[in-house]
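Participant: For the protein sequence lines, the chains are A and B, in the order given. Following the working numbering, the numbering of the first sequence begins with 1 at its first residue and continues without gaps. Following the working numbering, the numbering of the second sequence begins with 1001 at its first residue and continues without gaps.
Note that these hints are calculated values from the structure, not bench results. Check the hints yourself; a few may be wrong.
Said to hold, decoys possible - Going by beta-carbon spacing under 8 Å, a handful of chain A positions derived as facing chain B:
id : residue
1  : ASP61
2  : GLU86
3  : THR173
4  : PRO335
5  : GLU337
6  : ILE382
Said to hold, decoys possible - Simulated pairs of lysine-lysine, DSS-like, Cα-Cα distance not exceeding 30 Å:
id : chain 1 : residue 1 : chain 2 : residue 2
7  : A       : LYS292    : A       : LYS378
8  : B       : LYS1015   : B       : LYS1091
9  : A       : LYS91     : B       : LYS1235
10 : A       : LYS235    : B       : LYS1152
11 : B       : LYS1152   : A       : LYS378
12 : B       : LYS1378   : B       : LYS1235
13 : A       : LYS91     : B       : LYS1091
14 : B       : LYS1292   : B       : LYS1378
15 : A       : LYS126    : B       : LYS1235
Claimed, not checked - With beta-carbon atoms standing in for the labels, derived distance ranges:
id : chain 1 : residue 1 : chain 2 : residue 2 : range
16 : A       : GLY148    : B       : ARG1362   : 44 to 50 Å
17 : A       : ARG247    : B       : GLN1012   : 55 to 61 Å
18 : A       : TYR140    : B       : PHE1376   : 15 to 21 Å
19 : B       : PHE1376   : A       : PRO159    : 15 to 21 Å
20 : B       : SER1408   : A       : PRO33     : 33 to 39 Å
21 : B       : GLY1141   : A       : GLU206    : 31 to 37 Å
22 : B       : ARG1247   : A       : THR129    : 35 to 41 Å
Small disclaimer: the values here were computed from a predicted structure and weren't measured. Think of the CB as a built atom: it goes at the ideal place given N, C-alpha and C, for glycine as much as any other residue.
Each chain, letter by letter, is given below.
Protein chains: 2
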Amino acid sequence: MPEFFNVLPPAQALKVLLDRLEPRPVSPAVDVPIAEALGRVTAQAAHATEDLPSFPRSAMDGYSLRAADTFGASEGAPAYFTIVGEVPMGKPAGVSVGTGDAALAYTGGMLAGGADAVIMVENTQKVDTNTIEVVRPVAYGENVVQPGEDVKRGEVILPAGHYLRPQDLGGLTAMGITAVSVAAKPRVAILSLGDEVVAPEATPAEGQIRDINTYTISALVEQAGGVPLPLGIIKDNYEEQTGSAIRGLDMADVLVISAGSSVSSRDMTAQVIDNLGQPGMLVHGLAIRPGKPTVIGLVNGKPAFGLPGNPVSAMVVFDLVVRPTLYSLSGCANPPEPTTVTASLAQDIASTSGREDFVPVRLKEDQGRRVAQPVFGKSNLIYTLIRSDGLVHVPLDRGGLYAGEDVSVRLY
Amino acid sequence: MPEFFNVLPPAQALKVLLDRLEPRPVSPAVDVPIAEALGRVTAQAAHATEDLPSFPRSAMDGYSLRAADTFGASEGAPAYFTIVGEVPMGKPAGVSVGTGDAALAYTGGMLAGGADAVIMVENTQKVDTNTIEVVRPVAYGENVVQPGEDVKRGEVILPAGHYLRPQDLGGLTAMGITAVSVAAKPRVAILSLGDEVVAPEATPAEGQIRDINTYTISALVEQAGGVPLPLGIIKDNYEEQTGSAIRGLDMADVLVISAGSSVSSRDMTAQVIDNLGQPGMLVHGLAIRPGKPTVIGLVNGKPAFGLPGNPVSAMVVFDLVVRPTLYSLSGCANPPEPTTVTASLAQDIASTSGREDFVPVRLKEDQGRRVAQPVFGKSNLIYTLIRSDGLVHVPLDRGGLYAGEDVSVRLY
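Can you build the whole structure from these sequences, using the hints too?
Facilitator: In C-alpha cells:
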C-alpha cells in the first residue's frame, strides 16, 4: 500500500507554505465605509491628523482652577475660590481663571483659560453662591486629559495589516476618518470530489450521499474573512478535476479541494495539485488525527489545499492550515484567536505520541467546574461534531490525556 | 451629590432584566438559504427525515465479507476468500457475498450484499487475482458505518434556539435541508447623546469631539448578530432625547442610549428611560469599573440601556449586559463564548473588593509564556483600548491581582 512521504506537524507544514508565499496581500486594496469595515484588515497604516483630544478636557465634574492655588489646602485650612463662571459642554472656554478663581467644569468639557487642573465637586464645599472652599490640594494636570494625551498628531493610530475591531472603528471616527482602505477578501474556490456525492437538493440513490463539505468549508471561509466560491461536485476523474482546479485558480486566490487527498488509487488530489503549476505539492500528510490525508501546495503563487473528504477531518485541517493562510494573504498581523476554553477532562483519552489528536467533547458544568466529556460514537461522523461543543487537543508529545486533567478545548 | 440607588454586579443586573423578558424571540422567524445561515439562530427544531447514512458504508479501503468467516484467522492459519467483485463508489451493491466470498470495498462505498464487516486492505494478502488471505479476524460491524449510525430518522438534529456553526450547516445539507427558519436579527436603535458631540464628517470646534460610540456600539451589535440602527447625535435636552428614544423603540427591538447615564444634573438617560413605558428603569449602576454609570430598563417589553458615554466603559457594559440580551431575544441557547485567554500578569493591579474591574492589557510572549502587560495611560481613553489586546478581569471578591498570577484576559 502506498504511504505518505513527508508527514509533518501542522504548524511546520503551514510554515513550509507561508515561507514561500509573497509577504503582501495578493489582491488590491478596496475602500470601505467604517460601517462595513468590521473584521476587515487594513491595507495601509492610518496616522493621526490631529491631537486627540484637541483641547484640555475635564475628566470629572467639578471646577477648573490653577493647581498652585490649592497647595496646602486641608480640612483645617481650606483654600477659598471665587466662581467666575462655567464652561458649557461643547463650547470653547469663554471664561478665564486668575489666582483664586474657579470655573464650573463638566466631564468631557473644556477647561477655563488659565486653568491647569480640575478639583472634583466632592472635594469642594459651597460657601455662598460665588465662593467654594477646597479642602485638599490637586496636582498640576489632575483630572485633566491633556491635548494629545489619547493620540498625538502624526502618530500611527493603526498599522497596516490590522484586523479591525469595534474600538478601532471608533478610534478612526474620533479622528474624522469615515472610510478605510482594506485588503480585498481572499476568494476561495471550493471543489467537492467524489462519484458518490450528490447535491443537497438531490435524492441520493443507494450508495450516494449528499454534499457536506462544500457548505462547512464555505462557512469556515466566511468566518475567516474570505469569500467562498463553491464550484460544485466533481467526479473521480483526473481530467475533470484538473479542469475544475484550473478554473478555480483562475477566479480565486486559493483553491480548496475536498476529498481525494489520501494515497489510494482513487485519490488524485495530490497529483492534480502537483501538476497544476510551480512548485506544486509541498506537503502530503499531517501528523494529526483526524486530518492525516492532507495535501498542501503552491501553484504559481496561489495556495492549493487538498482536505480530507471526511467532514470532521476537513474542519480540523481548515482550522490549522487554511484559516491562517487566509489571514496571511490579507497581510493580517493580528488575526482573531480561535476560541478555546479550559475544562476538566471527564475520562482518559488514549493517543499516540508523535501525533496531535483532536477529540470531540461536550462541555457541561459540574459543581461549578467546567467538564469536557468525550462524545461517544465514531469521531469522524458529522453529527458527532454537531453534538459536540468543541475538540480537545492532545499535544504532539503526549501519549494521551488523563481524567481530571485540565485540557484546552477548541470551540467549534 | 446624588448617588446611585441600587448598584448591582453585572450578572445580577442582567438577570433582573432577563427574568422579565418574554422567553421567546420578539421578532418573527425568517427562512434563509444555508449559504446565508452562518451565525443565525434556529427558530424551530429540525428533525432527521431519513437515516444517515442511508446504507451500510465502508469506513476503510478493503474487502467487505461475512465476519464469521474470519473467526480464528491468524498469521499461522490464514482464512482464504474468493474475490467475487467490487462495489464502485456511489453505486448500489451489485454483488453479494456468501461464505468464503469477499468484495472490494472503498472508504465511503456501500458494502456488498450479505456482508457485515470490512477487513482493511492492510490485513489481507493477495494470493492470486481472485483470492486473498486474511491474517486476523474482524468483528461483526467492524469498519462499517451502519445505516442510521450518524443520525436516525425522526431524531432532533438541531434544537430550536441553536446558534448555527459551520458543521451544523453541513449536517443540514447532508439531510437534504437547503433552507432554515431562523430568528429575525434583533434591531438595535442607537442614540449618541451630548452637546459636545459632532459627526465624524464634521470639523469639531473648540470644546467639541467627534462621535465614537455610535460606531463602536454598531460594530458590537453586528458582532452579536444584531442589526444596528444608528439614529444620530442628540443634544442634552430632555424632550429631544425622549422623542428620539420613542422613535427608536418604535423601529427597533432594543434601545441603546450612549452617555447621560450617570447621576449629575446633565444626566437624563435614567429619567428618559424610566418615563418611556412600563416598568421603566430596573437597574441604575453596576458594581464594575469602568462602567458604573449604567441604566438598564424595560419599556413595554423592549430592553432599553443607558451606557456610559466613555467609549471604553460603553464597550465593557455592552459585552456584559447588552450582548447576552441580544442572544436572549433570538431565543439562543448556545451563544458563542467571548474569546478569553490565560496569561501571566506582568505587574500588580490594585482594585477594590466588592467591585469587578476591567484593566486594558497588551499580550506578549516571554520565553514561551504568554504575559499580560497592563497598558499605561488613562484606562478610559479610546486609544488605550486600541493599543490593548483585551481586558483583564479582576473578580468581585479580589482586592487586586498580583504579578505572576495567571489571569483571564477577555480579548476585544
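Participant: Each hint should be assessed against the structure and marked as holding or not.
Facilitator: Evaluated hints:
1. ASP61: It holds, given that the least Cβ distance between A:ASP61 and chain B is near 5 Å, below 8 Å.
2. GLU86: Hint violated; A:GLU86 Cβ to chain B Cβ min 11 Å, cut 8 Å.
3. THR173: holds, 4 Å
4. PRO335: violated, 11 Å
5. GLU337: holds, 6 Å
6. ILE382: holds, 5 Å
7. A:LYS292 / A:LYS378: Holds, at roughly 16 Å.
8. B:LYS1015 / B:LYS1091: violated, 56 Å
9. A:LYS91 / B:LYS1235: holds, 13 Å
10. A:LYS235 / B:LYS1152: Given that 30 Å is the threshold and the Cα spacing comes to 28 Å, the pair holds.
11. B:LYS1152 / A:LYS378: holds, 15 Å
12. B:LYS1378 / B:LYS1235: Holds, at roughly 27 Å.
13. A:LYS91 / B:LYS1091: violated, 79 Å
14. B:LYS1292 / B:LYS1378: Holds: B:LYS1292 and B:LYS1378 sit about 16 Å apart, inside 30 Å.
15. A:LYS126 / B:LYS1235: At roughly 29 Å apart (the allowed maximum being 30 Å), B:LYS1235 and A:LYS126 satisfy the hint.
16. A:GLY148 / B:ARG1362: 44 to 50 Å: violated, 21 Å
17. A:ARG247 / B:GLN1012: 55 to 61 Å: holds, 58 Å
18. A:TYR140 / B:PHE1376: 15 to 21 Å: Once the Cβ atoms are compared, 19 Å apart, the range 15 to 21 Å for B:PHE1376 and A:TYR140 holds.
19. B:PHE1376 / A:PRO159: 15 to 21 Å: Holds - the Cβ-Cβ distance for B:PHE1376 and A:PRO159, about 19 Å, lies within 15 to 21 Å.
20. B:SER1408 / A:PRO33: 33 to 39 Å: holds, 35 Å
21. B:GLY1141 / A:GLU206: 31 to 37 Å: violated, 19 Å
22. B:ARG1247 / A:THR129: 35 to 41 Å: The hint (35 to 41 Å, Cβ to Cβ) holds, given that B:ARG1247 and A:THR129 are roughly 40 Å apart.
When the structure is compared with the earlier hints, violations turn up for hints 2, 4, 8, 13, 16 and 21 and for no others.
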